[in-house]
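Participant: Please arrange chain W on chain D, whose structure you already have, making use of the hints.
2 protein chains.
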Amino acid sequence: MRLTPADELARRVSALQKLLQKKNIDGALIMQSADLFYFAGTAQRAHLYVPALGKPLLLVKRSFARATQESALEDIMSLDNVKEMPRILNNYGFKDIKILGLELDVLPAAQYLRYQKLFAPAQIVDISGLIRTVRMVKSAYELDLLRAAASLNHTLFSQVQDFLQEGITELELAGQLEAVFRRAGHQGFVRMRGFNQEIFYGHIMSGTNLAIQSSIDSPTGGPGVNVSFPQGAGYKRIARDEPVLVDYVGVYDGYMADQSRIFCLGRLSDKLVQAYETAVEIQETIKKMAVPGASCADLYQRAVDMAAASGYGENFMGYPEPVPFIGHGVGIELNEWPVLAAGFKMPLEEGMVIALEPKFIFPEGAVGIENTFVVGKKGLETLTVFDEQIIYLGQK
Amino acid sequence: MRLTPADELARRVSALQKLLQKKNIDGALIMQSADLFYFAGTAQRAHLYVPALGKPLLLVKRSFARATQESALEDIMSLDNVKEMPRILNNYGFKDIKILGLELDVLPAAQYLRYQKLFAPAQIVDISGLIRTVRMVKSAYELDLLRAAASLNHTLFSQVQDFLQEGITELELAGQLEAVFRRAGHQGFVRMRGFNQEIFYGHIMSGTNLAIQSSIDSPTGGPGVNVSFPQGAGYKRIARDEPVLVDYVGVYDGYMADQSRIFCLGRLSDKLVQAYETAVEIQETIKKMAVPGASCADLYQRAVDMAAASGYGENFMGYPEPVPFIGHGVGIELNEWPVLAAGFKMPLEEGMVIALEPKFIFPEGAVGIENTFVVGKKGLETLTVFDEQIIYLGQK
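Heads up: the sequence lines are chains D and W, in that order. In terms of the UniProt record's numbering, the first sequence has 151 at position 151, counting the first letter as 1, and numbering is strictly consecutive. In terms of the UniProt record's numbering, the second sequence has 207 at position 207, counting the first letter as 1, and numbering is strictly consecutive.
One chain only, chain D, in its complex shape:
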């Protein structure tokens, strides 16, 4: 299995340490699987202590054997009882922790209250913003993994034609494509950050099911197969002359590529074709504008303006309730930073990776395009290379 190299971990830890120093935080105690995978190279159950200065220490609960095989960090210890942690950190030279950072955006309150007591009188602060800031800019090593994820998607999108036929249910199509993903090495689980952020591969819907909204922050929702998990593919049979959205997330060695294409058995209406072309125009415009230094809020506004000028403004990014963004960072979670949204003032940097997804939703269906890009010197470079037309099948 591919292991994160020591110098890559060192670069990541050092980037976090700079932010800890700037905020006068003595150290960060990292516990979430995705963050552990990122900073320690292992997703085994553990605590990673990253001091503002000095070498990080990984304290592993389970499995210690695997963590030592997987992590290139130098200092790894077994820790069975969390209560021992303050003493161990102290013995290790991390004395007098006054301000301790935790991932308060994901750490449950009950655990937060226990750590607060355990590390008293230290002040506990939220370092999730610092972590997301570090993770936002991808290294050359990470870009290789993102290209591997994009290649997984290429395999998937190339095989849609083998399964998509009139009368097949969305769910059946989803199941077949998920088997393609798995055979190609997909890890299955797609990580989203935060409370109640649940997703399963992505969304495959057709026609009117594309207009069904759900709780998820996505331009499409979908019925799902039941009320318990109300998103994604449903039991609707796919018909001719309606859009079929395949919006799936390839995950390879932990890194993900988010991509959508519109397929159709037959022909789409002129209206949907026009809206699709507008989506592609928006993509092309944003690709050029999204140079290092550009503001996410400006990109968002330009897309909204272009959608309005096309006459389909009220169908842009969700109908009747749009989501307030046109794209989002991706990496080892599906909802990373930056967010291409009005409220996101941070400028783009080279190496950020973004899924841009201009989509138009109508009562009879939805169209649009989504690719995962890296911010390069001259704008967005496409990672998820695949035919960008509406993909018509079954013409014979």
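The hints are simulated quantities; they were obtained by calculation from the structure and are not laboratory data. There's no promise every hint is true.
Note: identical chains are not told apart, hence a pair may lie in one copy or across any two.
Capping the alpha-carbon separation at 20 Å, the derived lysine to aspartate or glutamate pairs in DMTMM-like fashion look like this [to be verified]:
1) K98 - D298
2) K117 - D7
3) K377 - E314
4) K345 - D387
5) K61 - E321
6) K61 - D217
7) K18 - E350
8) K288 - E349
9) K55 - D75
10) K271 - E166
11) K377 - E350
12) K288 - D270
13) K117 - D105
14) K83 - D105
15) K61 - E198
16) K98 - E84
17) K378 - E198
18) K18 - D7
19) K22 - D162
20) K271 - D298
Facilitator: Below, chain W alone, put in the same frame as chain D:
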């Protein structure tokens, strides 16, 4: 789609209210998807306020349209801005909330701190134990759904013979079986409660891969396909004369059945066969002992004693590090209460649903059995009916 009936929701809400009254808690504010699905009949993004006395109020963020279609509760309102909540609750007659219960086992700390401020000077207390207590005992309605989930598993286990062949990788087998699940109506996403509790359908491993431990609280771990998600099926090719574990979770209309069987192409060693038979004997003994009133800790101890007497005690429930339980509640999450563990003193009640999974792990493989049962008057009744022998394939 199947909607939870009003009288079923009323029963659940009333059971929670009795516990709130007993603990002198003024009301519970429920936000987690699984708990919303259980108490409100919808998993849309919402807050459900359950007063200790009176009718519950569902405040929906997204999608309001779907929540009103899905939930049989009488009082449903749209709420866009969480800050409005104290005012709305007050206007609605829920005045002077002094003690407010939140799901502190899953609610992230950052959100907890915001609610604490929002509802000040109310005291915030953890009601996750009360919720898990209510959810622990299943109604006749829920048992029907659990039987439907078991039937999904029956479909899956019946088709293993169609895909399992020498040389197929675990991952390929997993992908094929997952497609069977999806075609049969599986929702895909398998819910586990708590921080870092990630699972994807379950575990399919063979031979030596069955001995690989992982972070998950499960007797088997598995390599997974990468370091990011280090559990479950890997790239190992399945060989003759080794055990193949299929431990998968069927989820139908939100309810799940957890089940394992051992398959084998060829023959297993006498040692593994003996260990398997011991696992079945443990299951049979626990089934009879697990009557209403029995102590979970006693059941656990009996299983451990039987394993020790068989001579394979140190291989029971994980090797080299066993997990400290032999079974766990299931319902709409995979790790519900009760837990058949030394520390779980609560007596069994009729209607509890438990996955019992006596397993033995050896360096060369693992064997054991798992079924989902309901606690009946005379002990455990099997929901996941299927051949309970080692299933030998490819004999011709």
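Participant: Indicate, hint by hint, whether the structure satisfies it.
Facilitator: Evaluation of the provided hints:
1. K98 - D298: Neither: 40 Å inside a copy, 45 Å across copies.
2. K117 - D7: This pair counts as neither: shortest intra-copy Cα distance 35 Å, inter-copy 43 Å.
3. K377 - E314: neither (33 Å within a copy, 59 Å between copies)
4. K345 - D387: Result: close neither inside a copy nor across copies, 32 Å intra and 60 Å inter.
5. K61 - E321: between (44 Å within a copy, 11 Å between copies)
6. K61 - D217: between (34 Å within a copy, 11 Å between copies)
7. K18 - E350: Answer is within: at 19 Å inside a copy they meet the 20 Å cutoff, but 57 Å across does not.
8. K288 - E349: within (14 Å within a copy, 64 Å between copies)
9. K55 - D75: within (8 Å within a copy, 55 Å between copies)
10. K271 - E166: neither (22 Å within a copy, 52 Å between copies)
11. K377 - E350: within (6 Å within a copy, 66 Å between copies)
12. K288 - D270: For K288 and D270, the Cα distance exceeds 20 Å both inside one copy (27 Å) and across copies (67 Å).
13. K117 - D105: Classified as both: same-chain Cα gap 19 Å, cross-chain 16 Å, threshold 20 Å.
14. K83 - D105: So K83 and D105 pass the 20 Å test across copies only (18 Å; inside, 23 Å).
15. K61 - E198: between (26 Å within a copy, 16 Å between copies)
16. K98 - E84: Intra 18 Å, inter 36 Å, cutoff 20 Å: intra-copy only.
17. K378 - E198: neither (35 Å within a copy, 39 Å between copies)
18. K18 - D7: This pair counts as within: shortest intra-copy Cα distance 16 Å, inter-copy 57 Å.
19. K22 - D162: neither (54 Å within a copy, 59 Å between copies)
20. K271 - D298: neither (27 Å within a copy, 68 Å between copies)
Violated hints, listed in ascending order, are 1, 2, 3, 4, 10, 12, 17, 19, 20; each of the other numbered hints is respected by the structure.
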